[in-house]
Structure formats: C-alpha cells, structure tokens
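**Student:** Now for the letters of each chain:
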Amino acid sequence: DGGITQSPKYLFRKEGQNVTLSCEQNLNHDAMYWYRQDPGQGLRLIYYSQIVNDFQKGDIAEGYSVSREKKESFPLTVTSAQKNPTAFYLCASSIDRYNEQFFGPGTRLTVL
Amino acid sequence: EDQVTQSPEALRLQEGESSSLNCSYTVSGLRGLFWYRQDPGKGPEFLFTLYSAGEEKEKERLKATLTKKESFLHITAPKPEDSATYLCAVQEAGNTGKLIFGQGTTLQVKP
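If you're matching them up, the sequences are chains D and V in order. Convert by adding 23 to the 1-based position in the first sequence; the result is the number in our numbering. Position 22, counted from 1, in the second sequence is what our numbering calls 13; the numbers after and before it change by one each time, with no gaps.
FYI, nobody ran anything at the bench for these hints, they're computed from the structure. The model shown is predicted, which means the values in this text are computed figures rather than measured ones. Among the hints, erroneous ones may be present.
What the hints assert, rightly or not - Below, a sample of chain D positions facing chain V; criterion: calculated Cβ distance under 7 Å:
| id | residue |
| --- | --- |
| 1 | P62 |
| 2 | L66 |
| 3 | L113 |
| 4 | R120 |
| 5 | Y121 |
| 6 | E123 |
| 7 | F125 |
| 8 | G127 |
| 9 | P128 |
| 10 | G129 |
As the list claims (entries may be wrong) - With a straight-line cut-off of 27 Å between C-alpha atoms, the simulated BS3-like cross-links for lysine-lysine are:
| id | chain 1 | residue 1 | chain 2 | residue 2 |
| --- | --- | --- | --- | --- |
| 11 | D | K37 | V | K33 |
| 12 | D | K94 | V | K33 |
| 13 | V | K89 | D | K94 |
| 14 | D | K106 | V | K89 |
| 15 | V | K33 | V | K59 |
| 16 | D | K93 | D | K32 |
| 17 | V | K33 | D | K93 |
| 18 | V | K89 | D | K93 |
| 19 | D | K80 | D | K106 |
| 20 | V | K89 | D | K80 |
| 21 | V | K60 | V | K50 |
| 22 | V | K60 | V | K89 |
| 23 | V | K33 | D | K32 |
| 24 | D | K80 | D | K37 |
| 25 | V | K70 | V | K33 |
| 26 | D | K106 | V | K33 |
| 27 | V | K89 | V | K33 |
| 28 | V | K33 | D | K80 |
| 29 | V | K89 | V | K48 |
| 30 | V | K59 | V | K70 |
| 31 | D | K37 | D | K94 |
| 32 | D | K32 | V | K54 |
| 33 | V | K101 | V | K54 |
We put the beta carbon where it would ideally sit given N, CA and C, even for glycine.
Bound conformation, chain V alone (with noise of 0.2 Å):
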C-alpha cells in the first residue's frame, strides 16, 4: 500500500537552530513529491517539487531534498515566523494525478 510518513510529529526549535524535517514515502513508482506549509485554520501553500533522486529545491530559509525513499526539508537559522505545519505528499506515476499526503509536521520557533 502506497504510504507518506513524517517525522517527528512535532518539532520546537529556538530562533537560528537549524534542522531538518524527514518525508519518507512508499509507492510504486514516484513522479513527483510536493512540500506544502500550513498556518493554522489556513489552506496549505505550495513551496516546493521535487521529481527525481538528488534534486535539491530552495526558498529563503528552506531547502527541499529527494531520495529513492525520503525527503528532507532542511530549515537554516529558522525565525518564528517560520511556525506552521509542514505537509510532505507524493504523486503516484499514472493517469490519476493523485496525492497521498503525510501528516505533517508541527515546527514551533521561539524567539
């Protein structure tokens, strides 16, 4: 069964502590993987695709990577502003265009 797991479940950073976010995902063959930030009571917001093993995408604080079997999210020097929910899912290849969403992870950054 097709699957998107992320960890941790919650993560509690201090402002300029940088770390990573892990989407680990199985399905049977991958076209795309997609990274999504979600404020609470919001709708989510696109940041990244990611298509092939060893592309790397960039935005600000934020870098998305891609292997055969996981995804990081890598936050540099994170801020407080960058608090929200981050949402991993995958696009199976096929004609469907459907996305298997994990269940994000919490990232809260204290000042």
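Only chain D is shown next, with the shape it has when bound in the complex (with noise of 0.2 Å):
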C-alpha cells in the first residue's frame, strides 16, 4: 500500500536531549514537510523540501533541523535549543509543491 509512514508513534525525551522522528513515504512524491500542532492551534510549517537534497525554513523552524538525502525520507530532529518541543508532529508530502498535501499519523513528542 503506497502511504506515509511516522515513527513512532509515541515518543519521551528528557530535556536536554535531542530526538529524531523518522517520516518515509513511497508515494514516489517529491515535496515533504513537517508541521507541528498544538491544542487550539492551527498546524504550523517547520521545515519544508521541494527536492531531494534541497529543504527551507518554514514558520518555526528554531529548534529543528531536517536531512533530505533521499526521495523517500525527510527525518525532523528536535535539538535541545526547542524550548517548547511537547506537540502533536505531522508529516506531510505531495507530488510538487502545487498540489494537495497527504499526512502521515502523526507523533506525539513529550518531554519530560
């Protein structure tokens, strides 16, 4: 089944820590991005990448930083410099960066 898939589900971090939440998608789409959403908030862009080996800044991207090595994947690490990191995180990718965006099922980051 072609998809996008979040790991894990679930995740604890301590604070001080750096974590890394993995996205992958066989959509075979070349545009991903990461929101994050936060109760009574709209989904914010963290980072984005319209290409491999190419990703922008979104909204809010203190505090993360992304890798685009290949098509599939587009892993988020949250540095211990995100003051504020416990939030629902979502990943998202579409064919170009036209067309409707597909979500992944989410993880939800909690620190400690």
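Fit the two chains together into the complex; they arrive one by one in their own frames, and the hints show the way.
**Tutor:** Here it is, written out as structure tokens:
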C-alpha cells in the first residue's frame, strides 16, 4: 500500500536531549513537509523540501533541523534548543509544491 | 498578513440536522483552498481542493464551495461517523507551495 509512515507514534524526551522523528513515503512525491500541531492552534510549518538535497525553513524552524538525502525520507530532529517541544508532529508529502498534501499518522512528542 | 479563520470553533448537531462550516481567508493571491478531516490523535485526511470562485466539490454528505473571500463545507444529513475536526488551508500564489491552516471546526454529531 502506498502511503506515509511516521515513527515512533509516541516519543518521550528528557530535557536537553535531541530526538529524531522519522517520516517515510512510497508515493514517489517530490515535496515533503513537517508541521507542528498544538491544542487550539492550526498546523504550523516547520520545514519543507521540494526536492532531494534541498530544504527551506518554515514559520517556526528555530530549534529543529532536517535532512533530505533520499526522495522517500525526510527526518526531523528536535534539538535541545527547542524551548517547548511537546506537541503533535505531522509529516506530509505532495506530488509537487502546488498540489494537495497527504499526511502521515503523526508522532506525539512529550518532554519529561 | 495572510490569515485563515474558521467558524464556528465547535458545532454540535443531531443526526440528520444539516449545517455549514465556514472558512474565511485573506491572501494576496489564492492558488488553491484545501479541506481536510482530522480524527482525534490521527493525521489529517484530504477531502477537497478548490481553485476558483464558484467551484463546488462533493463527496458523500459533504459539499465544499468557494467564493472570493470564503469557503463553506456543507454537511447534509450528518451521521455520528462524520464527527471530527475539519481543517481548512489556503495556498497562496507563488513558488513555495506553503499552506496556511485555520484552527479547525470540531463537529460532533449525536445519534
């Protein structure tokens, strides 16, 4: 089945630790995105990539980093510099930058 | 500043009671408007894309319409399984493809 997978589903982090969230897609999509969702707020764009080996900052990139070494994969690292990382993280992909985005199931990150 | 506002924040309906959700937007140029459905603890599920004023799309009990300043998601004779949060997002004209999301409308349909 084609789709987007995210792992893990739940992630717990101690303060001061870096953690990496996985996002993989087998839809042959060029564009991939990372969003953060907090209660009562709309989705906010962290980083996006329109092609392999290229990515751009979104609206709230501080404290996060990404890589896009393969078309299928777009991992997100939440660094210790992110002051309030507890949130629901969503990865999405689209065939190109202009078309509808399809979302993965999400990773819920909790800082202990 | 580009902005997307959804109303109401929450809506409770009886099964079979039709209603509409609103998404108003201000962007310098609209490339497309997207509707998603999100169930608790899950990722959003794509429903519709609308590109120009006057366009309509339908899927089962849902119908989305678009004007120059807002979009409506009409729900006809809803069922309890339609209960979810409905998200609206706009894509502005330009090269980034960035989506601007509203805060969502949480719909509860009671049997």
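**Student:** Taking the hints in turn, state whether each one holds.
**Tutor:** The hints, checked one at a time:
no., hint, verdict
1, P62, "10 Å, violated"
2, L66, "4 Å, holds"
3, L113, "5 Å, holds"
4, R120, "3 Å, holds"
5, Y121, "6 Å, holds"
6, E123, "5 Å, holds"
7, F125, "6 Å, holds"
8, G127, "5 Å, holds"
9, P128, "5 Å, holds"
10, G129, "5 Å, holds"
11, D:K37 - V:K33, "24 Å, holds"
12, D:K94 - V:K33, "24 Å, holds"
13, V:K89 - D:K94, "19 Å, holds"
14, D:K106 - V:K89, "24 Å, holds"
15, V:K33 - V:K59, "31 Å, violated"
16, D:K93 - D:K32, "22 Å, holds"
17, V:K33 - D:K93, "25 Å, holds"
18, V:K89 - D:K93, "21 Å, holds"
19, D:K80 - D:K106, "17 Å, holds"
20, V:K89 - D:K80, "11 Å, holds"
21, V:K60 - V:K50, "23 Å, holds"
22, V:K60 - V:K89, "19 Å, holds"
23, V:K33 - D:K32, "10 Å, holds"
24, D:K80 - D:K37, "25 Å, holds"
25, V:K70 - V:K33, "20 Å, holds"
26, D:K106 - V:K33, "24 Å, holds"
27, V:K89 - V:K33, "21 Å, holds"
28, V:K33 - D:K80, "25 Å, holds"
29, V:K89 - V:K48, "22 Å, holds"
30, V:K59 - V:K70, "30 Å, violated"
31, D:K37 - D:K94, "31 Å, violated"
32, D:K32 - V:K54, "32 Å, violated"
33, V:K101 - V:K54, "20 Å, holds"
Comparing the model with each earlier hint shows violations of hints 1, 15, 30, 31, 32; every other hint is respected.
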